[in-house]
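**Q** The sequence shown: position 160 = 147 (our numbering), numbered continuously.
Note that these hints are calculated values from the structure, not bench results.
Even glycine gets a Cβ: it sits at the ideal position worked out from N, Cα and C.
Among these hints, one or two may not hold up.
Stated by the list, open to error - Result set (EDC-like, lysine to aspartate or glutamate): computed pairs, CA atoms no more than 16 angstroms apart in a straight line:
#  : residue 1 : residue 2
1  : Lys139    : Glu120
2  : Lys139    : Glu(-10)
3  : Lys130    : Glu171
4  : Lys54     : Asp38
5  : Lys12     : Glu131
6  : Lys134    : Glu(-10)
7  : Lys139    : Glu121
8  : Lys134    : Glu171
9  : Lys54     : Asp72
10 : Lys8      : Asp(-6)
11 : Lys123    : Glu144
12 : Lys139    : Asp89
13 : Lys139    : Glu169
14 : Lys146    : Asp129
15 : Lys146    : Asp124
16 : Lys130    : Glu(-10)
17 : Lys8      : Glu36
18 : Lys12     : Glu171
19 : Lys54     : Glu36
20 : Lys8      : Asp124
21 : Lys146    : Glu120
22 : Lys90     : Glu120
23 : Lys146    : Glu164
24 : Lys8      : Asp129
25 : Lys134    : Glu169
26 : Lys130    : Glu169
27 : Lys134    : Glu164
Stated by the list, open to error - Simulated restraints, written as ranges between beta carbons of each label pair:
#  : residue 1 : residue 2 : range
28 : Asn50     : Arg77     : 16 to 24 angstroms
29 : Lys54     : Leu161    : 44 to 52 angstroms
30 : Glu171    : Pro75     : 32 to 40 angstroms
31 : Leu13     : Thr128    : 18 to 26 angstroms
32 : Leu161    : Ala73     : 36 to 44 angstroms
33 : Arg71     : Glu169    : 17 to 25 angstroms
34 : Thr128    : Gln49     : 21 to 29 angstroms
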Amino acid sequence: VPETLADDPWKLLIATTLLNKTAGKLAIPVFETITSAWPTAWALSQAPEPDLVTIIRPLGTQNIRAKRLIDLSRAYLQDPPSLRDARPSRALGAPISPRKRDKYPPTPISHLPGAGTYALDSYRIFCSGPGSEEWKDVNPTDKELVKYLKWKWAAIENKRWLPGSGVIGNADRLYVESLVAELEYSTNNSPGVSYIPQETLQSRKQ
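Build the full structure now, drawing on both the sequences and the hints.
**A** Written out as structure tokens, the structure is:
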């Protein structure tokens, strides 16, 4: 889902807030309901909090998430992210040893409420601009982001990649096809959610 929102960082942040530690088949319908009712940052910044609480209730932590979505939208309007203005991150990065974690690198969205590791990883992978290679420096822990990066490293760079290890060798056609099958399995088992990269979908239509 984050990949389909690459051109709308605000919606990507709304999606990651709802998807964080929540199954996509539950979170995506809620995301669609919210963005249909309040399709812009300004609209959601004015949303009645009790209404949001009711909509988000099936996901749990509804009071926290409702307030965060409103605060996020207000902050986004007041200080929107810019690719030329990376801000210090409060989140921690990937573990560098069993007892130590690096501080997460600066990003254009690090100053926004609720910008945790999953949101920061998603932004760097999908929203860093055309031609950006920022995705190569991301080491996510979210299983769907890991699947996507494994596919992207294989399809774009012809490399096998693993989180925590980085590039571990070359990728052949059978390996790429196995990754696509893995993404298709995730899609088929999460109604309404597509984990298949758009590049793959477009190539199949040609």
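**Q** Is the Cα-Cα distance between Lys134 and Glu169 16 angstroms or less?
**A** 8 angstroms, holds
**Q** Is it true that the CA of Lys90 sits at most 16 angstroms from the CA of Glu120?
**A** It is violated: about 20 angstroms lies between the C-alpha atoms, which goes past 16 angstroms.
**Q** Does Asp38 sit within 16 angstroms of Lys54, going by the straight-line distance between their CA atoms?
**A** Distance of about 11 angstroms is within 16 angstroms: holds.
**Q** Holds or violated: Lys146 with Asp124, Cα cutoff 16 angstroms?
**A** Holds, at about 14 angstroms.
**Q** Given a hinted range of 36 to 44 angstroms, is it respected by the beta-carbon distance of Leu161 and Ala73?
**A** 39 angstroms, holds
**Q** Going straight from one Cα to the other, do Lys123 and Glu144 come out at no more than 16 angstroms?
**A** Distance ~10 angstroms between Lys123 and Glu144 Cα, so the pair holds.
**Q** Run the distance test for Lys139 versus Glu120: straight-line Cα separation, threshold 16 angstroms.
**A** 11 angstroms, holds
**Q** Next pair to validate is Lys139 with Glu169; report whether the Cα-Cα distance is within 16 angstroms.
**A** Roughly 13 angstroms separates the two Cα atoms, so the pair holds.
**Q** Between the alpha carbons of Lys8 and Glu36, is the straight-line distance 16 angstroms or under?
**A** The hint is violated at about 22 angstroms.
**Q** Is Lys130 within 16 angstroms of Glu171, Cα to Cα?
**A** 14 angstroms, holds
**Q** Regarding the pair Lys139 and Glu121, is the alpha-carbon distance no greater than 16 angstroms?
**A** 12 angstroms, holds
**Q** Given the hint that Lys134 pairs with Glu(-10), does the C-alpha gap stay at or below 16 angstroms?
**A** 12 angstroms, holds
The structure is inconsistent with the numbered hints 9, 10, 12, 14, 17, 20, 22, 33, although it conforms to all the rest.
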